[in-house]
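Q: These protein sequence lines are chains H and L, in that order. With the working numbering as the guide, the letters of the first sequence map in order to residues 319 to 948. With the working numbering as the guide, the letters of the second sequence map in order to residues 22 to 103.
Be a bit skeptical, because a hint or two may be false.
Said to hold, decoys possible - Calculated lysine-lysine pairs in the DSSO-like style (CA-CA distance at most 27 angstroms, straight line):
no.: 1; chain 1: H; residue 1: 907; chain 2: H; residue 2: 734
no.: 2; chain 1: H; residue 1: 817; chain 2: H; residue 2: 856
no.: 3; chain 1: L; residue 1: 28; chain 2: H; residue 2: 540
no.: 4; chain 1: L; residue 1: 44; chain 2: H; residue 2: 809
no.: 5; chain 1: H; residue 1: 592; chain 2: L; residue 2: 82
Claimed, not checked - Covered by chain H, per the in silico footprint, the following chain L stretches (three or more residues, Cβ under 8 angstroms):
no.: 6; stretch: 40 to 54
no.: 7; stretch: 69 to 77
Claimed, not checked - Some chain L residues flagged as far from chain H (calculated, every beta-carbon gap over 10 angstroms):
no.: 8; residue: 30
no.: 9; residue: 32
no.: 10; residue: 82
no.: 11; residue: 90
no.: 12; residue: 91
Please keep in mind that the hints were generated in silico from the structure rather than gathered at the bench. Where is the CB? At the ideal position from N, CA and C, for every residue including glycine.
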Amino acid sequence: MLYGYAGNTLRIDLSAGKVEKEPLKKEWVDDFIGGRGFTSKILYDENPPHVDPFDGENRFIIAMGPLSGLFLPASGKTHFCTKSPATGGYGDSNMGGHFGVNMKYAGYDVTIIKGKAKDPSYIFIDNDTVEIRPAGQYWGRGSTEVEAAMKEDLGEDFQILTIGQAGENMVNFACISHDFGRQAGRIGIGAVLGSKNIKAIAARGTKSIPVFDPKGLLKKGKETYAACREKPGFKGWTPEGTAGITNWCNDVGALPTRNFQTSNCDYADKINGKAILKELKITDKGCFACPIPCGKYGHARTKLGNVYVEGPEYETLSLLGSNCELDDIHGIAYTNYICDELGIDTCSAGAVVSFALECYEKGFISKEQMGMDVKWGDLDSIVHILNIISKREGIGDTLALGVRGAAEIIGHDSSKFAIHVKGLEWTGYESRNAPGMMLGYMTSDIGAHHGRCWVLGSDVATAVGGDKNATVHDLISGDSNFDTIPKADHKNVVPLVLKSQHLRPAFDILGTCRLQYMEIGLETQYYEELYYYATGKKMDFDKDLLLLSEKIWHLNRMFNKREIPDFGRKYDYPPARFYEEKIPNGPNKGHVMDLEVIEEMLDTYYEARGWDKNGIPTRETLEKHRLNVS
Amino acid sequence: MINIKLKLSESLLCILRDINNAKAETYELQVEKGTTIRELLLTEGISPLLAPMITIENQKKDIHTPLNKDETVILFGPLAGG
Numbered sequence: 319m320l321y322g323y324a325g326n327t328l329r330i331d332l333s334a335g336k337v338e339k340e341p342l343k344k345e346w347v348d349d350f351i352g353g354r355g356f357t358s359k360i361l362y363d364e365n366p367p368h369v370d371p372f373d374g375e376n377r378f379i380i381a382m383g384p385l386s387g388l389f390l391p392a393s394g395k396t397h398f399c400t401k402s403p404a405t406g407g408y409g410d411s412n413m414g415g416h417f418g419v420n421m422k423y424a425g426y427d428v429t430i431i432k433g434k435a436k437d438p439s440y441i442f443i444d445n446d447t448v449e450i451r452p453a454g455q456y457w458g459r460g461s462t463e464v465e466a467a468m469k470e471d472l473g474e475d476f477q478i479l480t481i482g483q484a485g486e487n488m489v490n491f492a493c494i495s496h497d498f499g500r501q502a503g504r505i506g507i508g509a510v511l512g513s514k515n516i517k518a519i520a521a522r523g524t525k526s527i528p529v530f531d532p533k534g535l536l537k538k539g540k541e542t543y544a545a546c547r548e549k550p551g552f553k554g555w556t557p558e559g560t561a562g563i564t565n566w567c568n569d570v571g572a573l574p575t576r577n578f579q580t581s582n583c584d585y586a587d588k589i590n591g592k593a594i595l596k597e598l599k600i601t602d603k604g605c606f607a608c609p610i611p612c613g614k615y616g617h618a619r620t621k622l623g624n625v626y627v628e629g630p631e632y633e634t635l636s637l638l639g640s641n642c643e644l645d646d647i648h649g650i651a652y653t654n655y656i657c658d659e660l661g662i663d664t665c666s667a668g669a670v671v672s673f674a675l676e677c678y679e680k681g682f683i684s685k686e687q688m689g690m691d692v693k694w695g696d697l698d699s700i701v702h703i704l705n706i707i708s709k710r711e712g713i714g715d716t717l718a719l720g721v722r723g724a725a726e727i728i729g730h731d732s733s734k735f736a737i738h739v740k741g742l743e744w745t746g747y748e749s750r751n752a753p754g755m756m757l758g759y760m761t762s763d764i765g766a767h768h769g770r771c772w773v774l775g776s777d778v779a780t781a782v783g784g785d786k787n788a789t790v791h792d793l794i795s796g797d798s799n800f801d802t803i804p805k806a807d808h809k810n811v812v813p814l815v816l817k818s819q820h821l822r823p824a825f826d827i828l829g830t831c832r833l834q835y836m837e838i839g840l841e842t843q844y845y846e847e848l849y850y851y852a853t854g855k856k857m858d859f860d861k862d863l864l865l866l867s868e869k870i871w872h873l874n875r876m877f878n879k880r881e882i883p884d885f886g887r888k889y890d891y892p893p894a895r896f897y898e899e900k901i902p903n904g905p906n907k908g909h910v911m912d913l914e915v916i917e918e919m920l921d922t923y924y925e926a927r928g929w930d931k932n933g934i935p936t937r938e939t940l941e942k943h944r945l946n947v948s
Numbered sequence: 022m023i024n025i026k027l028k029l030s031e032s033l034l035c036i037l038r039d040i041n042n043a044k045a046e047t048y049e050l051q052v053e054k055g056t057t058i059r060e061l062l063l064t065e066g067i068s069p070l071l072a073p074m075i076t077i078e079n080q081k082k083d084i085h086t087p088l089n090k091d092e093t094v095i096l097f098g099p100l101a102g103g
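Work out the full structure, taking the sequences as your base and the hints as a guide.
A: Encoded structure:
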């Protein structure tokens, strides 16, 4: 008996119209445990080398972990994986909500989809019944609109994944939506589903998951919830959610503003968590079994319409807000809603829209190409750009490639302010004075994503000095009359980056949200014990799980080496803006990331990882991790 | 003198560990009546910039709030957005 797992892999061949179930492979469980571990292994092994992301042979993988769906805090994470159309390399994205839990209750730990449906379709999963059904009635409609319609058609207890128009039209940063506001947003995962002619997946599961010691797990689960409630961080972020960090990012000069031209704005108070509570919020919204519901469901009122929307979260506030110079919380929430309906990742959307606005301002995109006279901070302009991207109209067809692809076509040195790594747009932390954060973005396997590594706080702490430097504290903590923050030291960032890069996959592997550890401070011992009661196996968090995280990091690097022509060090550099342009104002005024520092950090990082000077894992490193790849 | 119980969130503790200034999750200390939270942080070697949210009895407090009686002060470090 395989405890902690549903025990099955579901294989769907859309071209052949074939559905197969097979036992979950023991070697996957033994060597990769679950979630992101499974997806990394399966994509490398099963995707034919050099396949185009929109080719039917590109696999679309859904995976849960051994703790997914069990009675323990925030065990509702679902992982999606494919070869990314944005980067051409390994891509995964995850989301909360309730979908993966139902997949596991239906009996499937892993689902592997290949091929292309002949006509617009959706996948229907009701325990053992798995069918590819026509979706003509849903095609062309918005993500949440279709989710509501499908719940009406199939039943409220079905959990629905959908794509919007952007996914149908294979926009490189199209997302998957679920639960009326949760997204697997990054790497263009929704575009791959769209390329397969799949509008939605509906799942309902009512089976049990076998666990090794049900009574022990229940007891430990209760203890874990109780431990969460006792932690100082427990009540911290629920009131405002992730939006609560907005002012801090502005104060430390990390808030992307005007396409990352600068790193702070004078209207942070209008677009922060307090503004959401005052202007938008109706209720908190949480994912499966979560004790700290960070989602905010609210009502936005704008000249373009009144809408109900989950969010905006911090990334949306920064990238569709300050990065586009939109200083109205209702307007940002409205763009959030538009992105959700169209099925676009709000992170990339904000980066692409701000890139387009800067190109337009500089005369690199004409009014005729754009379709209207667009301006920074103008809601009509932002919504217009989002719409033409999703429909691939005019310049929208170029922008749909993301900033890297668009800059290659637009030219005029626009690549210098196309803010991405490896083709994935940078998220909400300007990092010219945050070397650890920048290195984390640079070396991320999927491109510039904060979810892979977040050490901004440590960078700031390094910059402002330790406990002996009260004068620096005084300098920067005065009554908002900032002088500049000192330059952060880059010398010791590599161990911090590695630690963060290894910690984060651990929770993705287990199938839980990381916030219970990262914010509440739930000790790793709880995860070890919960894993034991669920699976009957001993697991040492540091020696086993973090080692697996490291192994996955090497494997994904090798996937990128196999798939991306001439892959190596040159793919790990930040955009030129960050090492050529000084921040013009605010707390980090005058700072720029020196190219020499970038080179030094990469050298140190590669050496610590066991990679060669070009950033490729050495044979010794691969053998050490028992990875038979080349 | 008044007694202050200081509680630190994991996100703050993690940063302090990263800069070799590790602290306990909860500890108590005595300060003079009227000491502001900011002064308390500086005394403890915690940059005010690293505590973007401070609460007392579940209410958010400004960093310049004076402490006039025995209290439990909770400090929250910054956290990555979603």
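Q: Are the hints correct? Go through all of them and say.
A: Hint check:
1. H:907 with H:734: Given pair residue 907 (chain H), residue 734 (chain H) holds - Cα atoms ~20 angstroms apart, limit 27 angstroms.
2. H:817 with H:856: Measuring from Cα to Cα gives roughly 22 angstroms; hence the hint holds.
3. L:28 with H:540: Between residue 28 (chain L) and residue 540 (chain H) the Cα gap is close to 23 angstroms, so the pair holds against 27 angstroms.
4. L:44 with H:809: Judged against 27 angstroms, a Cα distance of about 23 angstroms means the pair holds.
5. H:592 with L:82: Measuring from Cα to Cα gives roughly 13 angstroms; hence the hint holds.
6. 40 to 54: With 5 residues in contact (Cβ-Cβ under 8 angstroms with chain H), the coverage given for the stretch 40 to 54 of chain L holds.
7. 69 to 77: This one holds; 6 residues, not fewer than the three required, reach chain H with a Cβ under 8 angstroms.
8. 30: 4 angstroms, violated
9. 32: 5 angstroms, violated
10. 82: At about 13 angstroms from chain H, residue 82 (chain L) clears the 10 angstroms cut-off, so the statement holds.
11. 90: 20 angstroms, holds
12. 91: 17 angstroms, holds
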